[in-house]
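Enquirer: Given next are the chains, with one letter for each unit.
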Amino acid sequence: MTDMMRLIEPLIPALRRYARALLRNPTDADDLVQDCLERAVGRWHQRQADGDARTWLFAILHNLAVTQMRQRVRRGAHMPIEDTAEANLAVAPTQESGLRHRDLMTALDALPEEQRSVLLLVTVEGLSYAETADILAIPTGTVMSRLSRARDRMIQLMDGTDAAVPAKRPLLRRVK
Amino acid sequence: MTMRPIGDDDLQGLVDERLEASRRREVETYLDDHPEARMRVARMVGLREEMRAAFAPVAAEPVPARLNLARIVEARRRPARPAWQAMAAGLLLLIGGAGGWGLREVVSPVPTGIEALAQSASMNYAVYAPDHTRPVELAAANRDELAGWFSARLKRPVGVPDLSGSGYRLMGGRLVATPQGPAGLLMYDDGHGARFVMLMRPMHVPGDAPMRPHTTETSSGYAWAQDGLGYSLVGAADDSVLHPLADAVRRATAKSL
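Quick mapping for you: the protein sequence lines, in order, are chains A and B. According to this note's numbering, the first sequence is numbered sequentially starting from 594. According to this note's numbering, the second sequence is numbered sequentially starting from 142.
Calculated from the structure, these hints are not laboratory results. Keep in mind it's a predicted model, so treat the numbers as computed, not measured. Even glycine gets a Cβ: it sits at the ideal position worked out from N, Cα and C. Hints are not guaranteed to be accurate.
[Claimed, not checked] Derived Cβ-Cβ restraints for the label pairs, each shown as a range:
{"id": "1", "chain 1": "B", "residue 1": "R166", "chain 2": "A", "residue 2": "T595", "range": "40 to 50 Å"}
{"id": "2", "chain 1": "A", "residue 1": "G691", "chain 2": "B", "residue 2": "R353", "range": "40 to 50 Å"}
{"id": "3", "chain 1": "B", "residue 1": "D149", "chain 2": "A", "residue 2": "N618", "range": "28 to 38 Å"}
{"id": "4", "chain 1": "B", "residue 1": "P351", "chain 2": "A", "residue 2": "T595", "range": "52 to 62 Å"}
{"id": "5", "chain 1": "B", "residue 1": "D368", "chain 2": "A", "residue 2": "G753", "range": "53 to 63 Å"}
{"id": "6", "chain 1": "A", "residue 1": "H638", "chain 2": "B", "residue 2": "P298", "range": "14 to 24 Å"}
{"id": "7", "chain 1": "A", "residue 1": "H638", "chain 2": "B", "residue 2": "P176", "range": "49 to 59 Å"}
{"id": "8", "chain 1": "B", "residue 1": "P298", "chain 2": "A", "residue 2": "N618", "range": "44 to 54 Å"}
{"id": "9", "chain 1": "B", "residue 1": "E190", "chain 2": "A", "residue 2": "E706", "range": "21 to 31 Å"}
{"id": "10", "chain 1": "A", "residue 1": "T595", "chain 2": "B", "residue 2": "G348", "range": "34 to 44 Å"}
{"id": "11", "chain 1": "A", "residue 1": "A723", "chain 2": "B", "residue 2": "P354", "range": "23 to 33 Å"}
{"id": "12", "chain 1": "B", "residue 1": "R166", "chain 2": "A", "residue 2": "R695", "range": "32 to 42 Å"}
[What the hints assert, rightly or not] Derived, one-sided and incomplete: chain B residues facing chain A with beta-carbon distance under 7 Å:
{"id": "13", "residue": "V182"}
{"id": "14", "residue": "R189"}
{"id": "15", "residue": "L208"}
{"id": "16", "residue": "R212"}
{"id": "17", "residue": "I213"}
{"id": "18", "residue": "R294"}
Please model the complete structure; the sequences and the hints are all you need to start from.
Expert: Structure, rendered in structure tokens:
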């Protein structure tokens with residue numbers, strides 16, 4: 594029990610960050626983390642003792658997030674970025690960086706879900722390629738190719754380097 | 142000098158600072174000669190920093206009280222309601238579900254064939270996969286008994302596929318009812334909390350049917366028939382996970398027959 598507390602507790606801030614990056618809405622994100630922690634506590638004994646607690650927890654969180662995002666898409670629930678990005682992330686000291694921040698969030702939203710999770714786990718969470726592969730249950734080679742595509746797409750969207758994408762307003766959501 | 146050619150993986154590795162020192166030097170040398178690649182790497186490093194900075198404040202926030210681990214552990218020790226109440230709620234749900242089932246012909250045409258199979262699988266997934274108390278009736282340890290039970294009730298030899306090669310552990314199974322008669326339901330998990338079910342029952346039409354995807358509000362699956370036996374694999378995972386898994390099941394069952 595104390596072992597569980599010692600291993601899980603320090604990871605909660607990072608779990609919140611990943612959930613927030615995926616879902617954006619702070620309440621939804623914390624609901625998800627709570628759900629994840631409840632499952633983790635309930636299944637702690639099923640976990641392989643030598644397994645890595647961090648990848649195990651992130652995998653639980655990721656699977657819950659994917660399920661929720663799909664339900665959201667099906668229900669058509671949608672949160673306008675304009676209303677949420679600044680408020681949720683509390684970063685907007687100047688107009689310039691506020692716009693930059695919004696562009697970043699918009700570009701992130703425009704990525705396919707599978708590329709977004711790879712990019713977030715590797716860059717924001719600082720996980721290794723092997724750990725990311727483990728969490729998403731995909732081969733490491735797939736992590737690498739999704740990472741590369743995600744980065745190029747983000748840069749294209751943010752800098753407007755693609756001729757097909759207008760430089761200033763690559764902000765419209767694509768309907769798949 | 143012979144050197145492994147520099148690939149995109151090396152550039153990503155450089156951005157993420159995951160290269161060994163010797164390889165890192167080789168990549169740096171390459172970038173000296175390729176200014177456009179150097180620009181791309183620099184931009185990718187910039188993106189990494191922007192992303193980290195954007196989300197850093199979240200991890201610095203104080204953790205809300207409801208995510209206090211000691212509280213979550215404590216709450217689990219005290220079950221919210223006695224077991225009989227949960228059972229009563231389950232019974233009510235069952236009655237409600239049966240009422241709804243009776244109405245289905247009025248609302249929508251009755252599915253047949255693979256479509257009916259897929260619907261039964263999705264319904265059983267919705268009922269049993271989230272179950273904490275008794276997701277399976279016979280545990281994986283009774284694998285042979287499970288195969289025997291299914292074979293007897295489905296009136297044909299039915300195997301229990303092993304998916305440990307794909308990283309999924311058999312939890313066990315149970316016999317379930319479908320409008321077309323008894324069906325075998327197996328449940329697997331991935332060790333990370335994601336569960337899948339596989340439903341198997343004889344089809345009215347003998348022979349094979351190609352694999353096709355099906356989805357509901359909360360799950361997706363793949364259904365197919367092989368030698369007159371219908372299969373449907375259902376889970377909440379991505380198609381990129383489910384499809385290869387369904388292929389693995391189809392291969393495994395083809396071998397076991």
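Enquirer: Among all the numbered hints in the text so far, which are the ones the structure does not match?
Expert: Violated hints: 6, 10, 13, 16 and 18; rest satisfied.
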